[in-house]
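Asker: So the chains spell out like this:
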Amino acid sequence: MSLPIAPKPALRRFHQASWDEPIVFELSTPGERGVLVSPVESGVREAVGDVIAALPASLRRSAPPALPEIGQMRVLKHYLRLSQENLGADLNVDVGQGTCTMKYSPKVNDAIIRTPQLVDLHPLQAEDSVQGALEIIWRTERMLAEISGMSRVSLQTSGGSAAIWTNISMIRAYHASRGEADQRDEVITTIFSHPSNAACAKAAGYKVITIHPDAEGYPDLEALRAALGPHTAAIMVTNPEDTGIFNPHIREWVDLAHSVGALASYDQANANGILGITRARDAGFDTCHFNLHKTFSTPHACGGPGAGASAVSEALEPFVPGPIIERVGDRFVIVNDRPQAIGKVAPFFGVIPNIVRAYSWIMSMGAAGLREVAEIAVLNNNYLMKRVLDIPGASAPYAVGRRRIEQVRYSWQELFEETGITSEEIGVRASDYGMHYWTSHHPYVVPQPFTLEPTESYSMKELDEYADVLAQVVREAREDPELVRSAPHNQTVHHTHHDDLDDPERWAITWRAYRRKYFSGASASAS
Amino acid sequence: MIGLVVNPVAGLGGPAGLKGSDGSDVQLLARERGAVERSDERAQRVLSMIARSYPDAVIMTAGGAMGESAVRAAGLDARVVYVPETVTTAADTTAAAAAIAATEADLLLFVGGDGTARDVCSGLPAGFAALGVPAGVKMYSSCFAVSPAAAGAMALAWLDTRSRPPLREREVLDVVEEQLRVGRVDPRLFGTMMVPYLVGRTQARKAAMPASGHEAVVAAARGLAAKLCTDGVYLLGPGSTVAEVAKQCGVVSTPLGVDVMRDGRIVIADASEHQLLDYLATVSTDVPVKAIITVIGGQGFLLGRGNQQISAAVLRRLGPDPLLVVATESKLIELAARPLLVDTGDRVLDRELTGYVKVVTGQSSTSIYSVEAPENEGAQTCV
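As given, the protein sequences belong to chains S and P, one line each in that order.
The numbering used here puts the first sequence at residues 443 to 969.
The numbering used here puts the second sequence at residues 229 to 611.
It should be emphasised that the hints constitute simulated quantities derived from the structure, not laboratory data.
The structure displayed is predicted, hence computed values, not measured ones.
We treat Cβ as the ideally placed atom computed from N, Cα and C, and that holds for glycine.
Wrong hints could be hidden among the right ones.
Said to hold, decoys possible - DSS-like, lysine-lysine: derived pairs with alpha carbons at most 25 angstroms apart:
1. P:518 x S:903
2. S:903 x S:828
3. P:455 x P:586
4. P:518 x P:455
5. P:518 x P:586
6. P:475 x P:586
7. S:549 x S:519
8. S:786 x S:450
9. S:903 x S:549
10. S:644 x S:786
11. P:586 x S:649
12. P:455 x P:475
13. S:644 x P:455
14. P:455 x S:786
15. P:475 x P:518
16. P:518 x S:649
17. P:475 x S:649
Said to hold, decoys possible - Footprint (simulated), chain P over chain S, 3 or more residues, beta carbon under 8 angstroms:
18. 563 to 572
19. 631 to 644
20. 855 to 864
So here's chain S without its partners, still in its complex pose:
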């Protein structure tokens, strides 16, 4: 006789761990240590002498740093508990951070980057002793050149925005080399392009002109015509845009830019829906960039380090930042002497662990596999879109009725007008079911937005579960709005208020600042 096991309900009965764990500084016990460092052997001490005395007095601390003093096991527990209080990418159906391309980062790649051959590398090692690492960088650059259709790739930057800034810097150097740097002081972008394009152009000293969508929801081609001129240095556009809409006139955009002597820069931070299907160079672009931590599976970490790839056409090759790696026979050599290069945009050769992860991921996929990634990502997205748009109150503004590429920017505006429940409140309530989405949609063009991007990593069953959660929360918004408004109820922390976050006067961004600001008089160190 078997034990009766009740069937699982349709929606999981989730509850987040809540350890009520103190801040690490509050765990400190004077004298406790995580590691007892062995005394220096006498032979070493005699040979080296008094190291401390060798430091200039201005660099020496007068007192030990006020770090928490905690035993090793307690530290382990502390961080494990905090990790359980998270809805991390490996726990939930992480499709709610549209634009971020939260795909699975295979664990085997983490094992590879932890090998001593990589961990113990030093960036100043002699070229002969790092041939393997140089080869991986070179091969990854060549593969990304093939994926984009471009001539050369630089993997030096440690994030997408840095790669965009590198691209506009190379464009500026290109115009300068032709004596047109002063004349060309404008960059054109679109409102749905990632704002890093406008921001990087501004940081590089350009005036920025923004194009809004036309009545169909596509970037307005006639507005582009009106904006282009002898002052245009470049167009910098994201495509597909953050709405998931692919600009059907993209080739015309590039040709128009070229017709006035401007260059075209393609933001392909998220290329997940177009791998093996379209290539930036084939559309005429002069530069593009990828985020390895989006399309190429490397983790986003906790805000970094990511890894950016800047790809350029032949005309821009001289301006690629250095040092670069060239293959000479069967050797890989570091080339520094390039007079037109824009210089270094990051230390050394980039974020090696992420380059290795991306290399490993691309190699495991193969060319056909990369295309399959795009096809499944697009299928997943359009399946999820159908499920979401079946929920009353959800809509997908702009290009209404058309399919999307790899993500969709949806709107709960109809639901908001009916119930007063905001997108943010729905996202918070969804976390009570172990799902969530964020509402950091830049710029805030779509009212009550949410952006879902399922990537290729999630199964139909998981997408159904996600859609079921949204449908349930929307039901609650109509039947019991207070339950939604006061969410979360099953989380580590209860409902929070964000005016503390909006008011710089109330910010305290370190523990000590917090103690000083709110508990002045108490010991600031608490350690």
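Given chain S, work out where chain P should sit, using these hints.
Answerer: Just chain P now, kept in the frame of chain S:
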């Protein structure tokens, strides 16, 4: 604490095809055509949301149909601070708003349309927070929530003192209905109101625009001020963004009117169309003259709503490229891809102004935005 004033006859004239509900004769005509009040039902939708979360809430309001009955119907405690005559008029709305503003109430919800917004605006002290619950026929003003439920959500956020929403300045426009009924849309910029708005928890973190609305306005104004030449003549249109441009130029402009600025000082304040034409006749034709204008109201009008002094005749005198347009990017975004509108009353000029306009949105930042003449609206008002 929340205050409430209801215009009991708001929206009455809409279904009856009367373009509005201003005036007792129009209201009578609307009732004869079978129209029923909808403001009470809309007020109750807001109040029932408050009642669910704050059953003990006290609402400062006016007597009877001007708020009291809706508050009581929602089961809330109505403090009546103004009692109207049996037949309510616009003056009652103004008096009620003033009376409520004098209590502990710090947010006034008003149920109605543009006319109600105008009357409330007259009664409120400067800077007092107010939000419209849409129930009217004419909705040119940008001080209304998108729906009663949205207004209710705002009231709940306001009552939760830990997450009180920020305020931003929004325009109150009003159409003269008698003119609307004979086919003319001629709204005046009546004033401005401080209106609360909800921001997303993380909206400002990664946004490309400055965190606060005011900083965005200052950035746009600085961007435009940087484009002005010292020897030019500038007509400063109404609106807080243009007022900020004036401030950046070191002058104080008339917030609701049109000023003439020359050599960095105001030479005519609050000019009429005739004064503008007379002045422009004295300006040598080789001196550049431009009108500095912004988007007025919630419908995206650049010309013809609230700045009629900058008329077709004035614009023709300015020459082929008469406009310097300034607006925050968020104002353009709020249009949700709808075009900017020009309605100078001169169809030929309107056509010349359509196409694309460069809108200064910040320092070294512009948007190229489409401009159209509101053909449909014109046709509608000619019924």
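Asker: Now, for every hint given, state plainly whether the structure supports it.
Answerer: Structure-based check of each hint:
With a C-alpha separation of about 61 angstroms, the suggested pair residue 518 of chain P and residue 903 of chain S falls outside the 25 angstroms cut-off, and the hint is violated. At roughly 14 angstroms between alpha-carbon atoms, residue 903 of chain S and residue 828 of chain S fall within 25 angstroms of each other, so this suggested pair holds. For the hint pairing residue 455 of chain P with residue 586 of chain P, the CA-to-CA distance comes to about 12 angstroms; that is within 25 angstroms, so the pair holds. A C-alpha spacing of about 11 angstroms is found between residue 518 of chain P and residue 455 of chain P, which places the hinted pair at or below 25 angstroms, so the restraint holds.
Simply put, residue 518 of chain P and residue 586 of chain P have alpha-carbon atoms about 14 angstroms apart, close enough for the 25 angstroms limit, and the pair holds. The suggested pairing of residue 475 of chain P with residue 586 of chain P holds, with an alpha-carbon distance near 22 angstroms, which does not exceed 25 angstroms. For the proposed pair residue 549 of chain S and residue 519 of chain S, the alpha carbon gap of about 23 angstroms is at most 25 angstroms, so the pair holds. The suggested pairing of residue 786 of chain S with residue 450 of chain S is violated, with an alpha-carbon distance near 56 angstroms, which exceeds 25 angstroms.
Between residue 903 of chain S and residue 549 of chain S the CA atoms are separated by roughly 22 angstroms; this keeps the pair inside 25 angstroms, and the hint holds. Of the supplied pair hints, the one linking residue 644 of chain S and residue 786 of chain S holds, its CA atoms being roughly 20 angstroms apart against a limit of 25 angstroms. As the CA atoms of residue 586 of chain P and residue 649 of chain S are separated by approximately 13 angstroms, the hinted pair is consistent with the 25 angstroms bound. Proposed proximity of residue 455 of chain P and residue 475 of chain P is supported: the alpha carbons are some 15 angstroms apart, at most 25 angstroms.
In summary, the hint linking residue 644 of chain S to residue 455 of chain P is supported, as the alpha carbons are separated by about 18 angstroms, within the 25 angstroms threshold. For the suggested pair residue 455 of chain P and residue 786 of chain S, the alpha carbons sit about 36 angstroms apart, so the restraint of at most 25 angstroms is broken. Restraint check for residue 475 of chain P and residue 518 of chain P: satisfied, since their Cα atoms lie roughly 18 angstroms apart, inside the 25 angstroms limit. Distance restraint check for residue 518 of chain P and residue 649 of chain S: the Cα-Cα separation of roughly 22 angstroms lies within the 25 angstroms cut-off, and the hinted pair is therefore satisfied.
This hinted pair checks out: residue 475 of chain P and residue 649 of chain S have alpha carbons roughly 23 angstroms apart, not beyond 25 angstroms. Coverage of a stretch by a chain is defined here by at least three residues with a beta carbon nearer than 8 angstroms to that chain's beta carbons; for the stretch 563 to 572 of chain S and chain P the count is 0, and the condition is violated. A count of 5 residues in the stretch 631 to 644 of chain S with a Cβ less than 8 angstroms from any Cβ of chain P is obtained; the coverage claim is therefore met, three being the minimum. Chain P is given as covering the stretch 855 to 864 of chain S, and this holds because 8 residues of the stretch bring a CB closer than 8 angstroms to a CB of that chain, at least three being needed.
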